[in-house]
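Colleague: Sequence:
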Amino acid sequence: MKSKEEICGNWLHRYTKLPLEDFGDLILLTNFNNYVDMFCEQMKVEAVGFDANMRAATAEGITMINFGMGSPNAALIMDLLSSVKPRAVLFLGKTGGISNKTQLGDYILPLAGIRGEGTSNDYFPPEVPALPAFMLQRAISTALRDASLDYWTGTVYTTNRRVWEHDEKFKSYLRTTRAMAVDMETATLFSCGFYNHIPTGALLLVSDNPMTPEGVKTEKSDNHVTQNFAATHVKIGIEALRLLQGDRKTVRHLKFDW
Numbered sequence: 090m091k092s093k094e095e096i097c098g099n100w101l102h103r104y105t106k107l108p109l110e111d112f113g114d115l116i117l118l119t120n121f122n123n124y125v126d127m128f129c130e131q132m133k134v135e136a137v138g139f140d141a142n143m144r145a146a147t148a149e150g151i152t153m154i155n156f157g158m159g160s161p162n163a164a165l166i167m168d169l170l171s172s173v174k175p176r177a178v179l180f181l182g183k184t185g186g187i188s189n190k191t192q193l194g195d196y197i198l199p200l201a202g203i204r205g206e207g208t209s210n211d212y213f214p215p216e217v218p219a220l221p222a223f224m225l226q227r228a229i230s231t232a233l234r235d236a237s238l239d240y241w242t243g244t245v246y247t248t249n250r251r252v253w254e255h256d257e258k259f260k261s262y263l264r265t266t267r268a269m270a271v272d273m274e275t276a277t278l279f280s281c282g283f284y285n286h287i288p289t290g291a292l293l294l295v296s297d298n299p300m301t302p303e304g305v306k307t308e309k310s311d312n313h314v315t316q317n318f319a320a321t322h323v324k325i326g327i328e329a330l331r332l333l334q335g336d337r338k339t340v341r342h343l344k345f346d347w
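Note that my numbering has the sequence shown beginning at 90, numbered continuously upward.
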């Protein structure tokens, strides 16, 4: 295998165990196996097994993939998806609230990502902003409003650090960024989506408020968020992509050629 397309196509099938022809042209991304199960349940398709590194299921032209955690995996999945050329990719992620305004279960519709992870530097110079596809974010906004759900907008800071909640210096730095939330994937997905000519968006669910000791995520608090908010998170993602099916909306507003 010599070309990027050959390698990515082979690896996408190897990681997901899903034949390339079975991928929908609209993609939902997640970090959680239970989101894949919820997708299968809501779309009334048979649940997929656990033999793949990245569990994936397709229904009604939409494929959901659990690509794992962290910005390297985020870059990997966007590179691999270039082999099937999806019309749009939507990330359903959990995020930590930086602002004291956010509560557990709140939705954040990120308008940009701050590239604190380093992975995206292999794709663009550090000064290039990480931006979502506007029409995709607008479709998510419409799906939220149709469901009578509110949301925050703002930037999300993406970091490669996994355990930083004890580090007061880093938390002070996060506050100076004026970001609404912090995660490990969003800015990478936006940057690598743009690099691979894939319109990419995100809808983030606030799962913890790690700026205070009592707000750090625990097994108990994460179970609470999953039980009370995750199914709706998945449903909104599905409905947002349904708005893009057919010719009702276009997401190709970015100039990918440079």
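It should be emphasised that the hints constitute simulated quantities derived from the structure, not laboratory data. Misleading hints may appear alongside valid ones.
[Unchecked claim] Dumping the calculated DSSO-like pairs for lysine-lysine here, alpha-carbon to alpha-carbon at most 27 Å:
#  : residue 1 : residue 2
1  : Lys-190   : Lys-91
2  : Lys-190   : Lys-106
3  : Lys-174   : Lys-133
4  : Lys-106   : Lys-93
5  : Lys-324   : Lys-260
6  : Lys-133   : Lys-190
7  : Lys-106   : Lys-91
8  : Lys-324   : Lys-309
9  : Lys-91    : Lys-133
10 : Lys-190   : Lys-93
11 : Lys-306   : Lys-324
12 : Lys-324   : Lys-133
13 : Lys-324   : Lys-106
14 : Lys-309   : Lys-190
Colleague: Decide, hint by hint, whether the structure agrees.
Modeller: Status of each hint after checking the structure:
no.	hint	verdict
1	Lys-190 with Lys-91	violated, 50 Å
2	Lys-190 with Lys-106	violated, 42 Å
3	Lys-174 with Lys-133	holds, 25 Å
4	Lys-106 with Lys-93	holds, 19 Å
5	Lys-324 with Lys-260	violated, 33 Å
6	Lys-133 with Lys-190	violated, 37 Å
7	Lys-106 with Lys-91	holds, 22 Å
8	Lys-324 with Lys-309	holds, 23 Å
9	Lys-91 with Lys-133	violated, 39 Å
10	Lys-190 with Lys-93	violated, 44 Å
11	Lys-306 with Lys-324	holds, 24 Å
12	Lys-324 with Lys-133	holds, 13 Å
13	Lys-324 with Lys-106	holds, 24 Å
14	Lys-309 with Lys-190	holds, 22 Å
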